[in-house]
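*Asks:* Put chain X on the given structure of chain B with help from the hints.
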Amino acid sequence: MAKVKSLSDLNKMREELQSKMNLREKGEHPDSIVQIKVSMATCGIASGAKEIMDYMINELDNRAIDAVITQTGCMGYCYAEPTIEVTLPDNKPIVFGYVDTKKAQEIIEVYIQTGKLVDGIIPVNYETVNNE
Amino acid sequence: MVKYKKQIRIALRNCGFINPENVDEYIVREGYAALGNALTNMTPEEVIDVIKNSGLRGRGGGGFPTGLKWELTRKVDADQKYVVCNADEGDPGAFMDRSILEGDPHTVLEAMAINGYCTGASKGLIYIRAEYPLAIKRLKIAIDQAREYGLLGEDIFGTNFSFDVELRYGAGAFVCGEETALIHSMEGLRGEPTVKPPFPSESGYKGMPTNVNNVETYANIPVILLKGADWFSSIGTEKSKGTKVFALAGKVNNVGLIEVPMGTTLREVIFDIGGGIKDGKKFKAVQTGGPSGGCLTENHLDISIDYDNLIASGSMMGSGGMIVMDEDDCMVSMAKFYLDFTVEESCGKCSPCRIGNKRLYEMLDTITQGKGTLEDLSKLRNLANVVKDTSLCGLGQTSPNPVLSTMDNFLDEYMAHVKDGKCPSGQCKALMSYIINADACVGCTLCARVCPVDAISGEKKMAHLIDDDACIKCGACMDKCKFGAIFIQ
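As they're listed, the protein sequences go chains B and X. Going by this note's numbering, the first sequence opens with residue 1, and the numbers climb by one from there. Going by this note's numbering, the second sequence opens with residue 1001, and the numbers climb by one from there.
It should be emphasised that the hints constitute simulated quantities derived from the structure, not laboratory data. Heads up, a few of these hints could be off.
[Unchecked claim] Each computed PhoX-like pair below joins lysine-lysine, with the alpha-carbon atoms no more than 25 Å apart:
no., chain 1, residue 1, chain 2, residue 2
1, X, Lys1281, X, Lys1429
2, X, Lys1075, B, Lys3
3, B, Lys3, X, Lys1281
4, X, Lys1227, B, Lys50
5, X, Lys1075, X, Lys1123
6, B, Lys5, X, Lys1227
7, B, Lys12, X, Lys1227
8, X, Lys1137, B, Lys50
9, X, Lys1006, B, Lys92
10, X, Lys1460, X, Lys1429
11, X, Lys1006, X, Lys1227
12, B, Lys3, B, Lys20
13, B, Lys5, X, Lys1140
14, B, Lys5, X, Lys1123
15, X, Lys1123, B, Lys3
[Unchecked claim] Cβ-Cβ distance ranges computed for the label pairs, FRET-style:
no., chain 1, residue 1, chain 2, residue 2, range
16, B, Ile65, X, Leu1446, 50 to 56 Å
17, B, Gln113, X, Thr1043, 52 to 58 Å
18, X, Lys1140, B, Met21, 23 to 29 Å
19, X, Leu1301, B, Met21, 43 to 49 Å
20, X, Asn1253, B, Ser19, 38 to 44 Å
21, X, Gly1484, B, Ile121, 37 to 43 Å
22, B, Leu117, X, Asp1144, 38 to 44 Å
23, X, Asp1230, B, Leu117, 36 to 42 Å
24, X, Gly1484, B, Tyr98, 28 to 34 Å
25, X, Asn1160, B, Glu16, 35 to 41 Å
26, B, Asp66, X, Cys1474, 54 to 60 Å
27, B, Leu117, X, Arg1359, 55 to 61 Å
28, B, Glu16, X, Ser1233, 49 to 55 Å
29, X, Gly1484, B, Ile65, 26 to 32 Å
[Said to hold, decoys possible] Beyond 10 Å from chain B on every Cβ pair, some chain X residues (computed):
no., residue
30, Pro1020
31, Arg1098
32, Ser1234
33, Ser1304
34, Ser1333
35, Thr1390
36, Gly1394
37, Leu1404
38, Met1415
On a predicted model such as this, the values are computed, not experimentally measured, just so you know. C-beta: ideal position from N, C-alpha, C; glycine also.
Chain B extracted, bound-state conformation:
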């Protein structure tokens, strides 16, 4: 990987990464890629986030659903771990809490495949500096 040798290098790199990520997320099938983030801090993993992540990877694969699944750190909803954030194409991200494999299956079958909301949505209760 190229080294960052100046501030303009960094800015260029950020733009490239941004467009690369846009491409990865929307590129081949602009309307069909689902993004899923699994909250995987120590606490999330302890309450079973790893199993959920594995389960979702397998399930989405079995059903041939195009999805990008990544891990993130703590989302802050400790009371509702494991938590996952699902972003359907052209939709706002939605956070689901108390996700076990049954719930994960429901999320895939109902929300991801038909777009209908299911129970267990955690309202986002903060602002971030990036989206002000």
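*Replies:* Quick look at chain X alone, frame taken from chain B:
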């Protein structure tokens, strides 16, 4: 939706959004731009001025102005200086720093490099407890990736500034969160504090000037540089700027990691964000500042949270643990719990802390056994003040706080234990009696069979009786009774 937007995430801005094991995602969210800009377009003095003007104060608990700390380290002349990140988070129930390190490790690396540029240090050390294996793993990945991109190492951003970061592991001793003890521990010595001055900014790691900041403090730095001091100081109260991350725990519905602007009230945190007390019970107290802090009561719910207000109310900001208690919690037991913790964690160097805390613990234990006297109460307060006044470091100087603040706010509970031999919340086992209501008891013998110490006697189909002296108050009989005939008094 009441709780919407009570929170602003600055330190936690990337937690839960990016993959912490991929530097690219951090860069996309303006990562390392603050470092790049500082190195390319600003002098170290200018950077320090921004931090000073932002009003940022140390988030580890002390609340020392961060910019001033940086300036002090900068002013000392030395061949080698060090930047240290204090990731020795030890308060019971606190996990703010762990979450930042696990969710956004690069922000800490970036801020440490900025600090190195300001203070003239080329080496950074993160002191992290070995109990945080995932945070360590993600930090290692982050350091490797940053080195690969040339964001750590030689000639960063094409300037002649060089900086690298290494990890140092702590064994999880609470006292090592104190900066002098932390430095001794990193040097391979016993983790014991020494008298300040000299402050680490003059003589720290290996006798060299060392800037020690907490994880959360660092996590604020890149944003402040990107958005400016004015933006940051527009958030918060007059003397406490920005936001504070709290680990909200205990008897609230929505336990979790939250970040609120300074000046938010405790009521907003507990009832709006925390969703109120579990099972509709009544709020009793909230402990802030961990074992060094104090408990605040209903009367304090409307004070706005900042460093000075919390101290004025008899508690402190601390690193951000916030434990909520309801009507079922006994305040004497709570004080005893924290004392137990400090007795365990005292390094033993100075006698007020080593012996004094032990004696305080014993007195509290006597009181919870129902054997305390009024004289014990005055001794307790007296000794607590002595320990507070004469201990060497912050641990001992603050360890009696839970005792003093519960005595100030809940003296009636202490009195009930001592005078009436009763624990009003029914938590102190020695003061409870399990009693069988003879009218409701049908004599099924289930309780007698389940009792592990054979304290229950009675003929079949006749009312049973519990021998209070033999009873160990395990509650097994009450769980088993199908007729609700057993109650606690």
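*Asks:* Out of the numbered hints, which ones does the structure contradict?
*Replies:* 2, 3, 4, 10, 25, 28, 29, 30, 31
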